[in-house]
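Going by the numbering used here, the sequence shown opens with residue 56, and the numbers climb by one from there.
By construction, these hints were calculated from the structure, which means they are not laboratory data.
Bear in mind the structure is a predicted one, so any value in this text is a computation, not a measurement.
Calculated cross-link-like contacts (lysine-lysine; reagent style PhoX-like; alpha-carbon spacing at most 25 Å):
1) Lys243 x Lys229
2) Lys161 x Lys210
3) Lys243 x Lys57
4) Lys210 x Lys164
5) Lys210 x Lys229
6) Lys163 x Lys210
7) Lys189 x Lys229
8) Lys57 x Lys189
9) Lys243 x Lys189
Between beta-carbon pairs, the in silico distance windows are:
10) Leu203 x Phe249: 19 to 25 Å
11) Thr144 x Lys57: 20 to 26 Å
12) Asp145 x Thr67: 26 to 32 Å
13) Thr105 x Ser222: 39 to 45 Å
14) Leu203 x Glu118: 20 to 26 Å
15) Ala241 x Asp141: 17 to 23 Å
C-beta: ideal position from N, C-alpha, C; glycine also.
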Amino acid sequence: MKVDQFIARFRTHFETEGFSFVDGGVTGPVVPRVPPAQQLWTFGYERGATDEALSALASELVELADLISFRLTSGAPVLVLAFSGDGMTDEAIIGHFVLFERFAPKLKKFSLTYSGGLKRQVWLNVFVIFETTKCACHFHLNVQQLCLRTQFWNKIYVRPWGIDLESRRVYRAKTLLPESADFWSAEKLEQQLF
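Please model the entire structure based on the sequences and the hints provided.
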């Protein structure tokens, strides 16, 4: 599958799941949030959790990711990011994930606040796209686990996913959680994206 075809399918799939894509660092008209009627037992969002602030944050990611999308409807910010891993060294890919982890706390203002100042978690699902099976397998076997980032007490989770365009596979990072507890299963993503 060609990269352009995959990107189009990727985008369509996540738009149907309620993600708003960022084009050139500017979000669409409004990124949907949890309606006030469903914000029970919470104190809502922080001041400054506006679309303009989200757009400013997205512009920081433009240099790191080819595709950037947000979903805020669950009260916990969920990002789907994608970039091409072809031609990158292992250290450069791991460095991208370190930068994503450092970026994640800025998204806390977009998570609902509960009594006691507790906030919902922030999830970054990062898809690294490879055109060849050789590169994708190398990433999966040697690099993917090093990219996994978790700040348990801060409730920040950065999940690496590998995409193999040649053999049409999706690789999920191994975590302590079962695959059913993750947002998507690798098998379902393979069926929907390829």
